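Using this note's numbering, you'd call the opening residue of the first sequence number -3 and step up by one each time.
Fair warning: there could be bad hints in the mix.
Heads up, simulated EDC-like pairs for lysine to aspartate or glutamate below, C-alpha to C-alpha not over 20 Å straight-line [what the hints assert, rightly or not]:
| id | residue 1 | residue 2 |
| --- | --- | --- |
| 1 | K400 | E609 |
| 2 | K527 | D517 |
| 3 | K275 | E248 |
| 4 | K432 | E643 |
| 5 | K627 | E134 |
| 6 | K1006 | D1031 |
| 7 | K414 | D451 |
| 8 | K1028 | D895 |
| 9 | K417 | E448 |
| 10 | K922 | E815 |
| 11 | K681 | E692 |
| 12 | K1008 | D1031 |
| 13 | K440 | E429 |
Label pairs and their in silico Cβ distance ranges [unchecked claim]:
| id | residue 1 | residue 2 | range |
| --- | --- | --- | --- |
| 14 | R648 | Y819 | 41 to 47 Å |
| 15 | V1049 | N1019 | 39 to 45 Å |
| 16 | K36 | H506 | 51 to 57 Å |
| 17 | V529 | A115 | 20 to 26 Å |
| 18 | Q430 | V529 | 38 to 44 Å |
| 19 | E122 | N341 | 49 to 55 Å |
In case anyone wonders, no lab produced these hints; they're calculated from the structure.
These numbers were taken from a predicted model, which means no experiment stands behind them.
Even for Gly, the Cβ is constructed at its ideal location relative to N, Cα and C.
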Amino acid sequence: MTELPKQYEHKDAQQRWAKFWDEKGYFQSDPQRGKIAGKKPFTIVIPPPNVTGALHLGHALNNTLQDIMIRYHRMRGFETLWVPGVDHAGIATQAVVERRMFEEEGKTRHDVGRENLVARIWAWKEQYQTRIINQLKEMGCSCDWRRTRFTFDATCAKAVRHFFFGLFRDTLIYRGKRLVNWDVHLQTAVSDDEVYHEEVAGSFWYINYPVIDPKPNEPAFVTVATTRPETMLGDTAVAIHPSPKAAMESLEKELNAEISTASEKEKTELTARREALQKRREETLDSLETLAAMARDGRMVMLPLMNRPIPLICDVWAKPELGTGCVKITPAHDPNDYEVGKRQNLLMINLLNRDGTLNENAGVYAGQKNINARAMIVADLEKAGLLVKTEDRLIDLAHSERSKTPIEPFLNDQWFVKMDKLAQSAMDAVAQEQVKITPPRYAKSYLDWLGEKRDWPIGRQLWWGHQIPIWYFLPDATSANQDVKTTSETELQKAFAGRNDVLWQWDEEHSQWWICSQMEDLAEDAIPGRKLVREEDVLDTWFSSALWPHSTLGWPDQTEELAYYYPTNVLITSRDIITLWVARMVLAGLFNCGKVPFPNVYIHPKILDKYGEGMSKSKGNGVDPVKVIEKFGADALRFALTHLTTENQDVRLALDFECPYCQAIVEQTKKNRTQPRVQCPKCKKEFATQWAEKEEDKALQSAPVIGERFEVARNFCNKFWNAARFVMMNLSESAERETHSENFFQSQQEKDLTKDNSQIRSENTLQIPLLLLEDKWILSRLATVTQQVTAEIEAYRFSEVARTLYDFAWDEFCSFYVEMVKYRLSDPALRPAAERILAYVLDTLTRLLHPIVPFVTEEIWQRLNEIVPKRGLTAWTDAAESITIAAWAEADTAAIDSDVENQFGRFQEVLRAVREVRSRQNVPPKTEMRFVVKCDARLAEILKPMTPYFESMAGAIADDWGENVKLPALSSNVAITGVEIFVDLAGLIDITAELAKKSKDIQKLEGFIKAKESKLSNEAFVNKAPKEVLDKERDSLADLQKQLSAAKEAVKVLEESQK
RNA sequence: GGGCGAUUAGCUCAGUUGGUUAGAGCGUCUGGUUUACACCCAGAAGGUCGGCGGUUCGAGCCCGUCAUCGCCCACCA
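Please construct the entire structure, taking both the sequences and the accompanying hints into account.
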C-alpha cells in the first residue's frame, strides 16, 4: 500500500475518482438493465438551473441533497437515474445578454437584429451551460451526463408543441386584450411573478377638471389626485362613489368595531383614523353627494389639455375616504381602472408605444418619453391654472424583475391558458396526497396560489424562447363573399384533410382563424393560394419547465424511459418556485401523462449571505461553490451544506475571502463581493474573485472563499480520513504477515476453533470470540446509528443525518473505540478481534457517509480494498469495486444492547471523572495517578476489566474496585451516580482548589436536592405523575443525597489534612 | 391587509410525541510534540430558552397575548 498522507488531499482524490466513476459509467442508467435485473427505478430530475449565470451555494445545497438521495438509492440497489440539464430561462437570459451588450458596446437588440442577438444568446448559453455542468461535476453530482437536457433543445421543443396542441385541442388556450405588465426596456410583457415593488419618492398632484355647463350650486371643477399625471391623457371618465355617505358610514362602523376589540396600541392609531374620517366627512361629504348626483344625472367634465369631454360616473371603486374622493379613470393604463372600464363600458385609450414613448393618442405630447411628458403636462396644467396643489409622497412602484425598470401597465394582445380545471387537478393531487410536500406547511401556499385559478399569461414578446405554434393566414381580400369564416374553413378542411396534427379555431375578436400545429413548422403555402404567418410571441419559460419531468424522458414519444422512469420519485427544490414551477409541473404531468410527475416534493432552506439576504444570481451575492471547493474540498462543501439543512431555518453563511498571497482574512462586503478583483488590505496586493472574466483579472491569483461551517466540515473529513488511516496502517501490518486475507483477523486460538468446525466454515460464517465490552458497545452503537441514518435519509432530515454520523464517528468511534484498541493492538491475543471490528466499523461507516462525502469515502474504500478485499463480521463478502455501487449498510439489530451501552456509559463517566481530577489538580500528563473506585460488586465486575484503559487513556492506575475498597489517605474525590472515585493525590494535592471545587459542588447539589424535595412533597405530583417518572425522581433524589454526603465527607477529610 | 417562519451560551445553530441537572460547533480560558489526526487531544467557564398570562402534577416544547426580526402574497387615485 502506498504511503497515506497525514491530511486528506481532496484535490487529488476528487480528480482521480471523478475520472474513475465516469469511465466505469456508474452514473449511467439503463431501463433495459434495470428491468432485466428486476430493479425498481429511482429517478430525480434536476431543477434545471438558468443559463443566466454560474451556480452559487444555493444551487450547491439543492444538488447536494439530490445527490445524497441518488447515491443512497443507488447503494440500495435501485436503478437510479438523475437527469441533469439547464433552463433557457427566456426573459432572464435575454435580459442579461442585452444588458451586457449595452454596457459593453452601447448596442440594443434593435441595433443588432434578431438573428444576431439570438446567436449571442446561444453563445452565452454554451458558455454557462458548460460552466454549470462543470460546477456540478466538481461537486461530485452523480448525474447521467449522457442525458443532459436543455429546455430549448429539440426534444423539449417537441414536447412544448404537443403540450400546447393538447391545450389548444381542449380549448384551454385563448387570446385577448388584457392589461399586462409592460417592461418598456425589454419591450415585453412580464407576468405578475416577474414584478417586484419598490418605494420611490414621488409626488401627488391635485388637478381640476372643469365641469361642463355647471348648474347653479354645482361646483365648477371636479378635483382628482394622481401620482401619474401623464396618464390623464388617456382618461375616459371621472368616478365618484354612488353613495358617499353610506360608504363613509359603513367604514366608520367597521372602524368602531375594530377599535372595540383592538389592543391599546392599535387603538390610538385606529382612533386617529376615525377622527380623520369624521373630519373628512364634515368637510367633503356634501360636495361628494352633489357630485354623485351629477354623475347620476349623466353630467360631463372636460379633460384638460386634451379638451375631450368625459363622463362623470358612479362606481364603487372611487373611495370617498381616499384622495379627493373622486378618481380619474384611465382604463388602458391602470389595472383597477381597467376593471372599471370593463364594468362601465368605457373607451380604452392606449397612450403608449412599445418602447414606452407616448403614441399619437397623446396629442401634442406624442413621441415624448413618459417621464418627460409628465413634466410638460404638469407645467401646462399649472399654466392653465388647473393644478391645485402638489404633495410629496412615497410611491410603491412596480418594477420589472428582469430589467429593473418601472413597469407600465399596457393594454395588449396576450395569450392565456385557462386555469380553472388545470389548477383544480393540481390542487386535488396535493390535497389527496398523491403529491406529498415536505415540510407540509408549504402545501398551504401551493393550494392558496392555485386556488385563485388566475389564468396563465403565456406569451412573451421576446426573441429567446419557444415560438407559439400558432399560424394565421390572410383571408382573400378580393373575395366578394363576406362570410370569411365559412369560406375559409372550407379551405382549411381541404388543406389539412386527414391530418390530426393540425387544428384550428375561430378568433371572434380579430375575425380570423388560429391554426395550431404539432409540427415544427407549417409551410407558408400549406393552404393553396394563402400565405401562412406564424405568431411571433414566444412562450413563458415556465411553459417548457412545466414539462421537465416527462419531456426529459422523451414525451410525447412513448419511450422506454418514459415507461420505466415516470413518474419520478422526488423533486427537491427551494420554496420560491413552488407555485411557478412545482404547481405547473403537477398539472402538466397530469394533463399530458395522466399521472403526477412525482409523489414527493422536498423543499429545502435558502442560503442567506452574512447580511441575511438570500443568495441569487440577479443580486450578484451568490458565492461560487468552486471557490469553496478549492480550499476545503467538495466533501467539506457537501457535508457543511447537509449539516445546515434543518427543517425550518434558512441557512446563514458568513463568508470571507482568504488572501492568496498572505492568507489574511479579507472580509466580504457588499461592495467587494461583486468585484472581479479585490485588494488585500494587509499585503496590498490584488487578487481575483469568481467574477474575474477579463484576461488581466484572471491572470491574478484567485482567492478562495472561507467560512467557519466549511472549516468544521473539512476538519471532520480529515478526522475521518485519519481514523481510516490509523485503521488501515494497522491492518496492513497484519495483512503482510498473512497470505490468506480472510484469515488474518484470527488469532491462533480462533483458528483452532474454526478449523474444527466444518459446519461454520462451509457456511462461510465467522465467529468472534473474545468479544469485549467495548466491542459489543461499538457494534451496538453502529447498528443503532445505521438504523437512525437510514430513517433520517428517508425522512429528508438531512441535518440529522450529518450530525448522527459526525457524533458517532468522532465521539464514539475515534475518541473511544480507536483509543481503546491501541492498547489491544499490542496484545496478540486481543488484536485479531479488534482488527476485525475496526475493519467492519470502518467499512460500514464509509458506506453510511458516502452519500454525503463521496470522494473521501471512495478514497478510503479503494485503499481498504487493497488491504482487506473480503470483509464482514458474520460472513465474509467481497467488497464492491467502488463504494458508489457498494450495498447500503444493513443494521445488525441483534447487536443492539442497551445494557451494554449503559455499562459502557458508566466506564465513560468514571474515565471523565479521573481526567477531570488531573486537570483540576494540574497533574502533568505524564505523571501517573492512582485511584480506587467505590461501587457495588456488580459494577465493579464490569469496570474492573477496563483497568488497562484507564491507564492508556487517563494515565491512571486503578488499585481497587468494590464496596470495601481501602481509601487513600488524601484524595481528590468525585461522586457520580452510584460511584465514588478517589484519586490518590498524596503530595500533589492543591487543597485550596479542591475545597473550592467541593464547596461549589455542595452548593449546586443542595440546590438540586431542595428542588427535588419540594417536587416530591407536592401531593398533586405524587398522585398524578406516572409511576416511572416518580421512581426516577426518587432514585435521583437518593443519588443526589449520596453525592452530597460524599462531598461533605471529602471536605471534612481535606480540612483535617490542612491542620 | 392576509399568510408563514424565527427569537435558546459571546457567535452560528440543534432540541423528534411535555418528564432527571437544556446540547453541539466556533470563540474564550487551563494543560498537552501520549507511535491516526495541532484540520489534533484532555479539561473548564458560559444560558432565569424574547416579555407577560394560561393549561398541566410537570412547559424550551401546548394555548393566548405583546414585542422584535425575516420571508411570501395582495393592495395602495
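- Taking 20 Å as the top limit, are the C-alpha atoms of K681 and E692 close enough? OK: K681 and E692 at ~14 Å, within 20 Å.
- Message: Need the status of pair K627, E134: alpha-carbon distance at most 20 Å?
- Response: holds (13 Å)
- Query: Has the given pair, K400 with E609, been kept, meaning a C-alpha gap of at most 20 Å?
  - Reply: Measuring from Cα to Cα gives roughly 18 Å; hence the hint holds.
- Query: Would you say the C-beta atoms of R648 and Y819 sit inside 41 to 47 Å of each other?
  - Reply: holds (44 Å)
- Hint consistency between K1008 and D1031 [alpha-carbon to alpha-carbon, up to 20 Å]: Holds, because 11 Å separates the two Cα atoms, which is no more than 20 Å.
- Item | Hint consistency between K414 and D451 [alpha-carbon to alpha-carbon, up to 20 Å] | Roughly 5 Å between the alpha carbons, so the hint for K414 and D451 holds.
- Item | Consistency of beta-carbon spacing, N341 to E122, with hint 49 to 55 Å | holds (53 Å)
- Given hint E815 paired with K922 - CA-CA distance at most 20 Å: holds (17 Å)
- Message: Holds or violated: K275 and E248, Cα atoms, limit 20 Å.
- Response: holds (12 Å)
- Task: For K36 and H506, compare the CB-CB distance with the range 51 to 57 Å and indicate the outcome.
- Result: holds (52 Å)
- Message: Checking one constraint from the list: CA of K1006 to CA of D1031, max 20 Å. Satisfied?
- Response: Roughly 15 Å between the alpha carbons, so the hint for K1006 and D1031 holds.
- At the C-beta level, are V529 and A115 separated by a distance inside 20 to 26 Å? holds (24 Å)
When the structure is compared with the earlier hints, no violation turns up for any of them.
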